[in-house]
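Novice: Here are the chains, one letter per residue:
Number of protein chains: 2
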Amino acid sequence: MTYEDILAARARLDGHAVRTPLLSAPQIDALAGRRVLVKAECLQRTGSFKFRGAWNCISALPDEQRKRGVVAFSSGNHAQGVALSSALHGIPAVIIMPSDAPATKIDATRDYGAEIILYDRFTEDRDAIGEALAAERGLTLVRPFDDPQVIAGQGTCGLEIAEQAREARVTDATVLVCCGGGGLSSGIALALEGAAPGLRVRPVEPAGFDDFRRSLEAGTPQVNAPGQTSVQDAIVTPTPGKLTFPIGHRLFGPGLASTDDEALHAVALAWKWLKVVVEPGGATALAAALFQPEKIDGDTVIVTASGGNIDPAMFRRALDTV
Amino acid sequence: MTYEDILAARARLDGHAVRTPLLSAPQIDALAGRRVLVKAECLQRTGSFKFRGAWNCISALPDEQRKRGVVAFSSGNHAQGVALSSALHGIPAVIIMPSDAPATKIDATRDYGAEIILYDRFTEDRDAIGEALAAERGLTLVRPFDDPQVIAGQGTCGLEIAEQAREARVTDATVLVCCGGGGLSSGIALALEGAAPGLRVRPVEPAGFDDFRRSLEAGTPQVNAPGQTSVQDAIVTPTPGKLTFPIGHRLFGPGLASTDDEALHAVALAWKWLKVVVEPGGATALAAALFQPEKIDGDTVIVTASGGNIDPAMFRRALDTV
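These protein sequence lines map, in sequence, to chains A and B.
Numbering of the first sequence is given in the numbering used here, commencing with residue 5 and proceeding in unit increments.
Numbering of the second sequence is given in the numbering used here, commencing with residue 5 and proceeding in unit increments.
Just so you know, the hints here were simulated from the structure itself, not pulled from any lab data.
Hints are supplied without guarantee of correctness; some may be wrong.
Remember, identical chains collapse to one label, so a pair may be satisfied in a single copy or spanning two.
[Unchecked claim] Listed below are the simulated DMTMM-like cross-link pairs for lysine to aspartate or glutamate, each with C-alpha atoms no more than 20 Å apart in a straight line:
{"hint": "1", "residue 1": "71", "residue 2": "119"}
{"hint": "2", "residue 1": "109", "residue 2": "324"}
{"hint": "3", "residue 1": "71", "residue 2": "104"}
{"hint": "4", "residue 1": "109", "residue 2": "33"}
{"hint": "5", "residue 1": "299", "residue 2": "18"}
{"hint": "6", "residue 1": "246", "residue 2": "9"}
{"hint": "7", "residue 1": "299", "residue 2": "264"}
Only chain A is shown next, with the shape it has when bound in the complex (with noise of 0.2 Å):
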């Protein structure tokens, strides 16, 4: 993992992923006491990051090996990411989903030309079910966070941050990224390393989910609780990456965390003021800029809007709060 690496994905990633726009409006900065920068990576294709990392990996892939075809295990964001990217290479995607996730995101997921199998989370074990496809078909395994080129895919959003803070004369600032498994924060954290080092990445969690707080703290990889929800269902993962843990180790200040109420609150004046759909795991990093300035320094922070899939009840839901 170098930023070679994001370099490279760069170049594969021209053409295919939408640069995104950095947003900013003056209602926001007064509400956060300073300068708020918004990636707005929930209109990203597939509205969420993910296609990055997804696209790249895939691209990279030997001729071969890509045309048989990939799998990968989501209920969301990565899911729509590897069917698209799929999709557009011309190649076989399955996606393994658990039986319950969303008819919002199943359909979604199809809607990309996926094949879609369902299992049940309680009786079935999806690594047996992956493995015996991969094996069957000679599909790839598409990893969600902890592979080089998803993270290396996910990097190329901290390249476009380090343009775009340069355009907006910003060198010297916290960047909060939204983080489950550390993919889109490790992968910023490299490329901000190599092009703007002035900006570093503190990473933002749910509350009751914040184990990359917790482990960037402890010096080694911490668990959460068992048992918990959140309305922030993009990124619960239950503990950091094994590669994303020392990049973020190594490169991170330390973590936040917000409440579900602050991200839908996030995910409302998202809506009002910047007008763009977010999800309230893609709104949590926002809510931290938003609700908890006080933990934050500089006169300036970038925070990412990671992804906008949320079904209209949780929407309205959110518009409640404003």
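Place chain B on chain A using the hints.
Specialist: Then chain B, alone, in the frame of chain A:
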């Protein structure tokens, strides 16, 4: 009004306006039956393209004149564009708004730092109020569309469409533009004439407010029947502008009109698949692409999503359609 005026406007806007992205989604393409590229001007500063024209007009004023300040009449998006442009220039702005304008729009305009003067639409003469103010304080009137510098500012959106279409390898397409007084439509048409002659503007208006469509057909300006209402409130002007109509007559293809139901459905589909917040009047072009495909030629259509200033109740109403 020449292409060079638009190039000059671009230089003035550089570093101040957002270069809004050209978005797409396979689900939108499938619904429309052709490729649809959406110029997301709802992501422009103040939530609509109006910032471009206001910024250009105010920037182009002689220093002494600008310092005295500006005045504008508007109940919506132009108000916010003028208010923020003035605040950024550090000059006073007075916006004359009807006392029954939506509270959210009045509040947003005040947020941008403008002085608001409310008048009673039924008993007071806004022109007289404006003229008295302009004379007393030496303010310059910034017109919403019928001004060469305003049209040139909106034309910068057309320069970006030309570049972004080229990047997407589109050189021949219809460009559907949400049309009220015709400032955006005529600015884009002039820009495309110079920068991408294979792209041709067709204005889209609310049903019942299709004065531009009928004027183009008749060859002379027509007026809408009074007493009608529309949720597409941003673009319900009574008749084409004195400057915009001749440009449209020379450069526009035939006009189209979308019903309120179509516009609200387009708002919801933009929310669902493009992750942008669009107001009904800013969704009328997308609505035509989605629901009147038989009236459009070619395998690609470009549409403007012109603005996103919508209140929560109207947005909930739109969400009911998906």
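Novice: Honestly, which of those hints from before does the structure not fit?
Specialist: Violated hints (numbers, rising): 3, 5; every other hint is consistent with the structure.
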